[in-house]
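Residue numbers (full-length UniProt numbering), protein chains in the order written: chain A, 1 to 386; chain B, 1 to 338; chain C, 1 to 647.
No false leads were slipped in.
Footprint (simulated), chain A over chain C, 3 or more residues, beta carbon under 8 Å: (1) 410-420; (2) 425-436; (3) 449-460; (4) 489-502.
No lab work stands behind these hints: they were computed from the structure.
Note that CB positions come from ideal geometry on N, CA and C, so glycine has one too.
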Amino acid sequence: MAPLDWGQILLCMAWRFWPVWLALGATLALSFALRERLGLYGRLFDSATGVAGLGLGLFWLFTAGFADLIVTHDPLAQISGLKNAPPGSALPDPSGGYRWYLLGGDSLARDVFSRMAMGARRVLAIAPAATLVALVAGLTLGLPAGYLRGWLDGALSFLANLVLAFPVILLFYLLVTPEIRQTALPMALAAVLFALPTVFALLLWHSRFRTSPMLWGTGMAAILGLGLWIWAGLALDADPLGIWAMDPGLLNVFVAVVFVNAPGVFRIARSLTIELATRDHVAAARTRGEGPWFIMLWEILPNARGPLIVDGCLRVGYTTILLGTLGFFGLGVSPESPDWGSTINAGRRVLALYPHAAVVPALALTSLVLGLNLLADALREGAARD
Amino acid sequence: MAGFVLRRLGGMLGTALCLTFLVFWLTNLQPNLEKLAKSQGSARMSDAEVASWLDRNGYDRPLALRYGEWLGVLPGKSGFSGVIQGDWGRSSVFHLPVGTVLARSLTATGWLMFWVLLVMVPTALALGVLAGMREGSRTDRVLSAAAITTTATPEYVSGVVLVAVFASATAGISPLLSDLGLIEGRTLLQATASTAMDEITFRNFALPVATIALYGAGYIARMTRAAMVEVMAQPYIRTARLKGVSPFRIVWRHALRNALIAPFTVILLQVPWLLNGVVIVETLFAYKGFGWTLVQAAGNNDMNLLLGCSVVAVLVVLTTQIVSDLGHVALNPRLRGA
Amino acid sequence: MTDPVLDIRDLGVAFTTRSRTVAALRDLSCRIGPAEVLGLVGESGSGKSTVALAIMGALGPGGRVTAGSIRFQGREILGLPERALRSIRGRGIAMVGQEPMSALNPTMRIGAQLAEVPMLHGAPRAQALALARQALAEVDLPDPDRMLASWPHQLSGGQLQRIAIAMALLARPALLILDEPTTALDVTVEAGIVDLLKRLGRRHGMAALFISHNLGLVAGICDRLSVLYAGEVVESGPVAAMFHRPRHPYTNALLRALPRLDGPPRQPPEPLPGSQPLADDRPAGCSFAPRCAHARPGLCDHQPVPLTVTGDSALRCLRPLDRADTPAPTAPRPPPAPGRVVLRVEDLVKHHGGMANPAVAGVSFDARAGETLAIVGESGCGKSTLARMVMGLDGATGGRILLDGQDIQHLPVERRPAAAISALQMVFQNPSDTLNPARTVGAQVMRAVELFHPPQGRAERLASLFEQVRLSPALARRKPAQLSGGQRQRIGIARALAAEPRILVADEPVSALDTGVQAAVVALLLDLQRQRGATLIFISHDLALVRHLADRVMVMYRGLVMEIGPTEAVLAPPFHPYTQALLAAVPVPDPTVPRPRVPAAFGPEIPGGCPFQAGCPMREGRCASLPPLVTVAPGHLIRCHRTPGGG
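Go ahead and model the full structure; you've got the sequences and the hints to work with.
Here it is as structure tokens:
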């Protein structure tokens, strides 16, 4: 079998991505048709930046979702003879499987293309979820710090600055190690961090519906039940039904990433709150006897959503970079994991001679982060036009 | 003003104490100590042997006590000798005093930072101002696209790509140049900076410097652009324009100083992030500076060295914060003498 | 007739946003002769500032001239290259804008900014600085050396606006454009600036375009007047004719919506229904027809109305008024019988930070059931701080606030009993800020209903509140951004009413609204108060407005009560000198009434003395000590050494 040239490689890759194209086309077409009714999201279609950012972001999202259909080989399988093989190399013995290593083989003779596609799944399973938890944690602490001020603000701000003054890599080297997993520290952190979303939801519901007893009771019970169930599963690994669970290594990485991100959200939430708390509608809410949580969650938070969405978008990108950094230093991931950071790390050893093994995941990571940054830019512009 | 500086210094001291204590605590967690015992003694030590080793070396005493000794506020075996007295302990990896290791590595990193700042800051400011002068112009769009791309490219990505393009014998432009006989050697630039420890040359230093500068430059340029765009929309710029001031003078005399207030803070707050870049780049290019040392210390649980690295890192971060506050005051007459 | 300095013909300006193009000005013509001052008057959104920007060639991105011509000294300036425009901007036309605080570069000293103008024209630095010093003297700013070395943030708004005017004069322009030059300033400061502008105009013989929303101001300073409505000139002519014989129903309605100091008291200004159409949905015929009492269906709403020019007047109306139809003065609303005291404030003090310059320095007053008490003063007098303390939004440093005899001073609003909360409600100043932009206005009023009303019948209560503030229930589903300023203030009132308050504190509720809308909101507040027999505490800077609605007035200056008493007594001699200065500063919408000269300051201030001494024309030696509040008549107190029986 002859190796493929670059034109053929690109064509074959484009063909492998067919489920992504299908989903991407359908989503974009539908959103474009309904853009007038979709608010901030719909306004993304007003600018090339927005469309490009959305396109890139969704591309990787769908790639993560359909990774099983896209990969040409098992990302862990080694095929002898294809160690560091250049892109487009043909398999010595296809025997029914895919006949080429589209983007070549890595130093352990695994398919670079398949590992890239699977890597997207690793990143997109953690980054958005970790950002979301960090966002909720930052908000749950940042809103009261900015609204109530006083000693609470002083203490929380000091803690946030403490974490922010830590060089990230040092923090990772201290927090993401096999030794730390033997202690109760990651689980304790997880117990606190994973409880915050439930607390947040309870406060949200309570402050809004305390004037309507029936609605209040049903909602509080539902949130509490669901929240406790998920919390027990993820943080304590004690889900009676066994649906919610998290591998200890993954939990360690997840907690570390949330821990690094939450102070940043805290700072933004706090400064937005300080600014918005001077508005007259906040004073009006106080004069009619609203409690502080109603004011924070229903008078202030909705008006901070623009900057928070933009920050969240940038933060998913930043988290992607952090996960790559962890992989790059070989922290918290198993050696054979196809995630982009560790693939780059593995590939850089033979970089000067066989660049493809490191460059492919590197470009993949950059394109995802670029898409998220473009998306944030477009959202910022869209929100500014409110 | 003096009160402000004192308050900030006090806060800085408190933060530094908290942070070093945290690092001390985390490095002294039981599993870490057991690992230390096994690495210093033998890997096949039994649990009892580990316990007695720890006992012998004083690791079973309360954490606060040992932290006080390390700091130099409590007497240790040889009286008060801790960080305050200048005794940072010995590095278990390099078998040298921590002070010596840090001095050597910080000198190396100092050169790296010097070149990075020299390349990055003027370029980024100039490009940012150029882009922000006229929002929406073609220059603006091209520069903004470039800047957003570099900010989306972490150092371990740009480093890999730059090496592939400039320093690979099989890919990028080097084979081409080599065939044409334009370069001696097989690659245009070197993929490792280990020789830069002895002598810095363009060939061995260009890639590490470019790798760090690229990420920061995009970020600073974006901030500068945003500040410039905002300033150019201010009523006082319109006042100047309506006075008949020339466009050049408007930018140079009226807009620039106002537009640089925000990026100034950003540049200084960028220094801690540069620290991350330094760690990645020094690892990637095998340059034995501060970042490389930190990775060695952390990877081998070299407690004293790791603590020394944290002290340095924390001091760098906090100093930049104070300098940024002071510079902010100097640039903004509104905050001066108030 | 001599050649006009500025001649605008059939000007059209449009702004393009991403989705559509909106015509901001249509078919606009006006001319300004040498040494003539033209007033351009209109409500917000009428396009009056766009005219200034079009002349200066500074419409910005998205704005462009679609039709017509602008000739300056006989030369067409539309389409001139940037370089030629720049020389015209520097020497020919100068402009003073609305925001003195942001019009000067915060990082350049005043001297450098002023000297830049002569230096642009080739003067060497030393000479430029001398000219700058001279210009400062010309705008009545004392201590020029200190001024020149100051940064903008060290000066007050009035001083900055004088510097902006000096800067404009330094260019020796043939035409001065003044775009709302006093809107951001206090009334007494405004009066000083207007006085200065008038004298400068006389001295330099400069042509000027004076853009304003304030008919009273324009009357005192302009020779001719153009009234702008929805991007079109609806009427123009000599200023005396316009004020005495307005022919367009809009001009007439604007005049009648203006609260006046002359004429009978207790005649709340006449509301102008509806609001100005947005630039992109003007009606088919006359733009004003939907709000016009005089419009005839089938005629006025049919096709665009042309501008008819007769002599030096012009009119865009098919059914002009024959004579000013002045309303027959209705019988003055009688003051209510004095009810019991519901709110008593005693020696209330508020310090911000240090002990010097308290925001509120010991204020006492009573508010009775069913009465309207007006608190009048300029920015920084402590009136808003006072209101916020009464509401429990800010804590006081000392003193008592008695609600029905119960002291609630030490209780922040969060800790006040439910009865106190529902008894005291507030209407806020800024219509863009008073409602939560993220939620529908219906949901916001509903939330207030939920807090004060049991679960049954909440929907009916919401409907009745909308009805009380005369808003269609259909508006309930809108977000605040989709409502006009007046509608938003009404929602704010409805929200406050949901608690069924006995005391309503209104902090400058209409100061951010257009004249016509302002009158309507005031009328609404008064009606509601009368129906419900509630107490209204109306905070305002506008004595002319207060004169028509308040039963009692309290005048504040620098945290102190200077005068308090029944409205008629406060607005008649004997005056406190500050009350007198406030009254003199109110612009009179009549060009024939002579205006007093307003000096900038009378002397240095001695700490611990009467706070008004620096601005007081009657200042004397004993003003170095703080005068007490002295009763001059039952219920009428004045804080001045000159008061009979005082000092």
